[in-house]
Every structure is written in structure tokens, then in C-alpha cells.
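Could you build the full structure based on these sequences and the hints that come with them?
Protein sequences, first through last, are from chains A and B. Those letters in the first sequence? Residues 1 to 484, per my numbering, in order. Those letters in the second sequence? Residues 1 to 484, per my numbering, in order.
To be clear, the hints were calculated from the coordinates, so they are not data collected in a lab. Just so it is clear, the structure is predicted and the values come from calculations on it, not from any experiment. There could be a bad hint or two in this list.
No distinction is drawn between identical chains; accordingly, a pair holds when it is met within one copy or between any pair of copies.
Below 20 Å or equal to it, Euclidean Cα-Cα: the simulated SDA-like pairs (lysine to any residue) are [as the list claims (entries may be wrong)]: (1) 48 <-> 162; (2) 125 <-> 44; (3) 62 <-> 52; (4) 445 <-> 210; (5) 48 <-> 58; (6) 301 <-> 361; (7) 48 <-> 59.
There are 2 protein chains.
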Amino acid sequence: MSDLKEIGVTISKDKDFSEWYTQVVTKAGLIDYSPVKGFIILKPYGYKIWENIKEILDKKLKSSDHENAFLPILIPESLLSREKAHFSGFTPEVFWVTRAGDNKLADNLAVRPTSETLAYSIFSKWIMSYRDLPLKLNFWNSALRAEIKSTKPFIRNSEFLWQEGHTVHETDKEAEDEVLLILQYYQDLIENYLAIPTIKGFKSEKEKFVGALYTTTLESIMPDGKALQMATSHNLGQNFSKPFEIRFLGKDSKQYFAWQTSWGASWRLIGALIMVHGDDKGLILPPNIAPIQIVIVPIFKNKDRNIVLDESQRLKRELGVGGLRVHLDDREEYTSGWKFNDWEVKGIPLRINLGLRDINEKKLELVRRDTKEKMFINKNQNFLESIKTILNDIQNSMLEKASRFHDRSIIRVYDYEEMRRKLKENSGFILTSWCGNIECELDVKNQTGADIRVIPFGPERSERDYCIKCKKSSKYNVIFAKAY
Amino acid sequence: MSDLKEIGVTISKDKDFSEWYTQVVTKAGLIDYSPVKGFIILKPYGYKIWENIKEILDKKLKSSDHENAFLPILIPESLLSREKAHFSGFTPEVFWVTRAGDNKLADNLAVRPTSETLAYSIFSKWIMSYRDLPLKLNFWNSALRAEIKSTKPFIRNSEFLWQEGHTVHETDKEAEDEVLLILQYYQDLIENYLAIPTIKGFKSEKEKFVGALYTTTLESIMPDGKALQMATSHNLGQNFSKPFEIRFLGKDSKQYFAWQTSWGASWRLIGALIMVHGDDKGLILPPNIAPIQIVIVPIFKNKDRNIVLDESQRLKRELGVGGLRVHLDDREEYTSGWKFNDWEVKGIPLRINLGLRDINEKKLELVRRDTKEKMFINKNQNFLESIKTILNDIQNSMLEKASRFHDRSIIRVYDYEEMRRKLKENSGFILTSWCGNIECELDVKNQTGADIRVIPFGPERSERDYCIKCKKSSKYNVIFAKAY
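In C-alpha cells form, the structure reads like this:
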């Protein structure tokens, strides 16, 4: 039998955040490493979190008439290079297929870094008239971008699971609305299910998706003060419809180039979930996304075995029928102490320790994973409601806790030297003003390592603001931060 | 507006089966072709059929504690080559990644032709003791095998969607049971949802999965008399656990090599669906798998427009609440005639033509896609049950019709010359006897183009049977056929 140290996380989150993360992703049973550097395997527990994310987002997308489809993973080089800026943005990271069996290929094939070019060469055949619009497709697949230098499970891998959406519209306005609708879906998923607060806004020209008119983004702050880009939604304007000749006959019988969007969210969200909520014991999952919301651990001496196991089974059924995701850990080859540790590392929101005394007294002993609080409820006809209330409370207090950290980590700075100092301390998100000039953006990046993560939506800059770098009149309020 | 000829299938299924198939897959809106030869795109309607297949099978697998997970698509050559027979079986079809960006790779990476080797190199790390068994994983992904010569949408493509299952067990017996359980799942899916009869049995040594101990299969007869392998389930024995060192500590504290299975079903099932059920008008989908079970086409003159559309909406809601998959075609830029054709090509099992007179008379006009039969039912409180009964009847009669063809197409043959003649006429499945010798199998293949498709489970050969080829005493009853 493995001992407790081996299954438990052995380093404090505060002490070595990076090593703590590495231990949690593996010890919680989320991933393993592929023999090929930079690639990971998603174990069933990790995959189940991804399935839950998929299900939530898929339902939202289908509710607004988005349809799923499938595109091949190999894209001819000649197609990939048709939109020049786009191509040059991706080409250093592309995996190239150059042979099939023993035969050298005439046109090399890129392993999908993203599907814009392939999708749009096809769309140009499908779209003839306004009657074919809007076209709103989504693809659940994996994309590959070679990460040579540093890799980190879920955050930076050479292959990642994601969805990529691609839509085509008659008007600029429709495309704009689509971009924001999708961003809203992402925000709802991230805040109300993953319990992670975000800042919503635009990317700067330098940071936008290569080929897009503009990119909108959701950015979150990780506990080490670095930013994580959670999901992006791009307005492509006519930047792709022109080179790919996506034209339609309008209601007025004239030909127009279509307006397009693309958007994506990846398993990176699982990385955020781990970083934001985990503690020294391991993962902590919000109930709304947890594959297992409640684990029942039966506790008994030999003579009580059957009574306790029977009652555990009954309880499992009751909770399951009540719509909760529940697991009964009836393994007999492990001690209760070992099991407690195991489920703590895995971050199950609520544990029920079920023993003979509680059964006799018609009580349930509950242990919250987030606060470690132990509490008792009566096993009466309302017990299901009590448990749902507690799960709800866990969900809310996890978001509140994360929001307090989030709010605390956004610092309004007016002075460049102060900003440099703060960034050196990894103090999170620097809210400041910027003239809109790429030179200032690059200077800051070179001198501090921080990017403009997001130009938040919302109130315009005040008149008195000036660019943090050049002191000229500012155009935007921006968030500077170091990023993953 | 496109004219009817353009959307309709223009060739008879009997006259040119291959061209008919090609027209149906595209005109029904299932697929389009990628610019790379041999690769196809799944359009939303085709993908939705795949989603339904996935959902049915996924539920079965989860009901018996199989879990989904994710494996990277790139596999190092050094791993792929570890099981020699397996490697030599796949290597002529492998797409090779040799470069990442501008960098040549040291170890070439295969784009997943199947995941045995990668999965099992990982399993060997995960499995230490009997407590880690059984391990029952499933992967929904795509696999790539270069099809250089002839390709056919869904049937033979260089990339295909599928699931691959991989399980590890303590005993031979458990592995055997798993192989048959999965074959049973496939058969239930294929017969009761896709309405296609199958023959269940073993593959011959020559035809088994490379590296397996034995392969079980489901074979179906297509209308042109050729066999289609629908799904396979393999007992791998210890053939992989030995080279990949998947060992476990038994309850008796001794070390054992594990017993394994793998199994897969692909979007080829959609190809079978099209071939078996389609007619000269296009696709015909069995209700249990159809993305849309009922389409409502409102029929009105201008003055009745609002009444008819309102009633159509109401009917759509009622059918939807009743658990049916329903679509209302309220496009006003197309005529009813155009719509009838469009939905016929797409194979929707039941159409409701909703006009003012029927509304007033509280009747519904239904048109069955399979029999083209038109019928009226009363729109009373039982109408939902009536419709479900009709859908059920469509499902059953589609299976019956396919079964009649299936039964008719299996011919018992004792004489080799008769077999050659029958195979020349593409007369379907030749049921005969075989000595078990690969030379006879190869001779038949060379002389007739037919393989042993399946050694059916069931009654043993009778004593008097002799091998169709060498006339020596026979070991097996077998089905010879040409195959896709």
C-alpha cells in the first residue's frame, strides 16, 4: 500500500507555486506525461472535468443555433499560407507531415495549429447567397503548436484540447454581436461554473489574433500575480473573406464579402481552476464543475460492515436520484485515513464520513473541502436540500474568495517607476493608461517583461490621464501584467 | 434558387451504386471534400448523426464503468515499432511528422494510426497491483491512415472519427468476457438503432488485428453484395503486455503479465447506414438515429400565413416536449415542392405537411420517408402516441426490410466452381466450410477476390463438411465475400 506522503502534495502552494502545480496535476490524477516532450495525457478524472466544461458550453452554443462539425487535422501548406500575417504568426510552431508511409509528399501538410484557413476555403464553396447566412459552426478538437522551450500541463502544451468556433455573417454588426455573445458565454462558464473572476476587454493591436480586426479576451489573475488568458473571441472583419473569397449575393442582388468571427477556449481553463482554487492539500473543485460533488467514505469495524455498507449504498442512491454527482469509496484495501487524503488531493467539494453512530442517530457528518469545516446535518426528509444548500454555499464562497484576491491584485498605478517595482514583486495586474502607441508597449515589455493583457471594456479614460510610459495624452486604460 | 434537379439525386441506386452513394453523401449535406485527397469534412448534419452514435455507445460504455480519456495524436516511431507485427501492419499507411517549425525532429512522430503502443507504454506505469485492475478506458478521437489508392467517404478515408477502447485485466477470462460484452454493445447499436443486421463471429488468423490473439467482428452485407466490417473487438492476450511490460502484483504477491483487449467502431457506420437504407431519392434514416425525426412543412397561401405558421410552431413545441427531435422548415424563400425534395434527400423519417384545411379539421397529414406512404391521423389528445407508434413502425420495418435482404444474400455453397460463379455475380455472402489452412484462404482470395469475412459464432460445422478449396476435412464454417 502506498503511504500517505506518496499520494499527498508535499510542497506548500506559497513556497513553490510552480512545483506545487506540477505535483497537484499528477497527484490528483488529472494527467500524465507523454514520452514526447510537451505532450500530456488526460486521465479519466481530468477528462471528466473537460467533458463537463464541454457540456456546459455546448449547450449554450446550441441554444443560439451554433452547430458542431468536423474538419480534418491536416492542412496543406499552400492553404495555410494564403493569409500572410496569419501564416507568419503560426509557422514557427507548426508540426509538418512530410511523408506518408515511404512516400514523400508533394505539398507538406500542417498538423492543425487552428482551422481558419481550411474552414474558410470550404466556406467559400458553401456560401452563395444571403440565404446561406449566418453560418455558425463549432469544432471540438485538438490543435498542435510546438512548444519547444517551456511547457506546463494545461497551460502550455504542444497539443491541447479546445473548441474553435467559426461564424460567417451578412453584416459587420452581426459579427460584432456574435463576438460579444460568445465572450459572454465564456464569462458565464468561467465565473459561474469555474468560480473564477475575469476582466473583459480588448487585446492591443500587438497582442490580437494574427489576421483579426480585433480580439476580445477574458483575463484572470493567478495566485503568483501572473495573468492567464482564459478565452478569446475575434472579429475577423473581412480580413479572411477577401483572400478566401467568401462572397455572397445580398438581398439587393449585389455581391458582398462576408463578415466573420472566430473564437476559442481550451483545457487551459482546467489549469486556471487548479491554480486559483487549490491549496496545500491539493485540488479544490467548485461543485458546479466537479466530476464528483460528494464522496461517501464508510467507516466501520468488522462487525458493523454490512450495516454501514448497506446504508452507504442507500445514501449514494438517494443523492444520485436527487441529481447530485456522488461516489461511494467502498474499497476495502485502503484505510479511511488514506481515503481522506486521496479525495482531498482530488478536490471533491464535500465528503460524507458515514459510521454506525451517525446512522443510529440519523445524522450525517459532512466535511467541506474548501474550508475543511466539519458539520452535522440531520438525515431527515430535507437532508437533500441541506446538502444542495451547502454545495451552493461552497460554490459561492469559492467565487467570493477568488474575487477578493482578484480585486486586491488590481493596482492603479500612475508612475512608471512604481509600475516597474510592482512588476518586479509580481504584484498582479497594473491598471494604468496608455497612449496607444506600440513603441511604448514594446518598451514596457522589454524593461519589465509585462504585456498589455487587456484594454478593459467600460468607462473611458479620464481626461487627466497620461501614458504611463511616454507621458503623452492617453487613449486607453489598460492592464499590464506578466503572463503565462 | 437552385432547381430540383440540382438538389435531388440523379442516378438510380440499382444502376450505379457507387455514383449514387457519392451523390447521396454530398447532396444530403453529410460531407464535403477536403482539398487534401482522401480527407473529408463532416458537415453539421453528418456530424449530428455521429454525435447520436457517440451518445448511444458512450452511455453503454459508462454503464459498465468504462471511462473516457485523452491521448496525444503524435506517437514516437521508437514506441510504434516496439510490437513488431503490429508495426509492420501499420507502417505503410502512417503519416510522419518530421519537422516542427524549421527544426528537423530527432525521433519522427507518427500521426496516430491507432493508440495501442502509446496507451500501453503509459499503462505500464499506472498498473502496479491487482488493485489497479481492471483498467477500462475509451478514447473518442480521430485516427489517420494514408489511403493512397481508392477512397470513399466514411468507408475509406485517410482520417476517420472513431472510438478506440483499451482495457487491462487480471485474467484471461475477464478479457474474453470484455471482448464479447463490447461486441454485444456494437451489435445492439447497429441493429436496434441503425437498423442493420450483422453476422457476429471471429476473424481468421490472416484477417485479425495485427498483434491480437484473436479478433471478433460484426459483418454486414451491402446492397452491392460486398461485405462491410462494422466494428471489431480484439482479445490481445498478453501479446502487448509482454513487450510493453504491463505487469501487476497479484493477490498472491506474485508478478503477472496483464490480459488486454482493444476495440473500435468508426464513422464507417454512417457509410453503412447510407448504403443499406437509401433509395433513389436519397438518404433514409431510421428514427432511432435520425438527427431530425420529424420535419414540419407549413403549406399556405398568403392570407392563411399567420394561422398556419402559428399552428406549426405550436405543433413543433408539442412534439419537442414529447421527446421527439423535430424541425420546422419555415423558410419562405423556398417552395413546398423544393422543401419536400430537400428533406427527402436528407432522409427525415416522417414529414408533416401542415395546411389550413387539416388545421380546421384537426387532422395531420403524415408522409413516411421509407414507404412514401401518406396517411392522416387525428390531432386529438393521443396524437403524440400515434406518431411515436408510426416512428416505431418505421424503425422496425427498416430493420425487417434490411434483414430480408440480409437473409436472402447468404448462400450456402459446397462447390468451389459454384462459389467462383456466385462471387463473380457479386451475390453476397458465401457460407461454406474451410480447413483452417491459410493456403486455401489465399488461393480463394487470389482467384476470386473474396476474403474470409467472418467465422460465425454458433453451431459447429457438421462432420460431413469439407473445405471448399482443398476438399480436406473442414474446421470452420466461414463466410467468404468481397469487401469494402
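Note to self: Within, between, both or neither: how does the pair residue 301, residue 361 come out at a Cα-Cα threshold of 20 Å?
What the structure shows: within (17 Å within a copy, 72 Å between copies)
Notebook entry, point to check: Should residue 445 paired with residue 210 be assigned to within, between, both, or neither, using CA atoms and 20 Å as the limit?
Noted result: Answer is within; shortest intra-copy Cα gap is 19 Å, inter-copy 55 Å.
Note to self: Reference check for the pair residue 125 and residue 44, CA-CA at most 20 Å: within, between, both, or neither?
What the structure shows: For residue 125 and residue 44, the Cα distance is within 20 Å only across copies (15 Å; inside one copy 40 Å).
Note to self: As a check of your reading, is residue 48 near residue 59 (CA-CA no more than 20 Å) within one copy, between copies, both or neither?
What the structure shows: So residue 48 and residue 59 pass the 20 Å test inside a copy (16 Å) and across (14 Å) alike.
Item checked: Alpha-carbon proximity between residue 62 and residue 52, which holds within one copy, between copies, both or neither at 20 Å -> So residue 62 and residue 52 pass the 20 Å test inside a copy (15 Å) and across (15 Å) alike.
Margin query: One pair to classify: residue 48 and residue 162, alpha carbons no more than 20 Å apart. Within, between, both, or neither?
Written below: both (14 Å within a copy, 19 Å between copies)
Check: Which holds for residue 48 with residue 58 at a C-alpha limit of 20 Å: within a copy, between copies, both or neither?
Finding: The answer is both: 15 Å in one copy and 13 Å across copies each meet 20 Å.
In the structure shown, no violation is registered for any of the earlier numbered hints.
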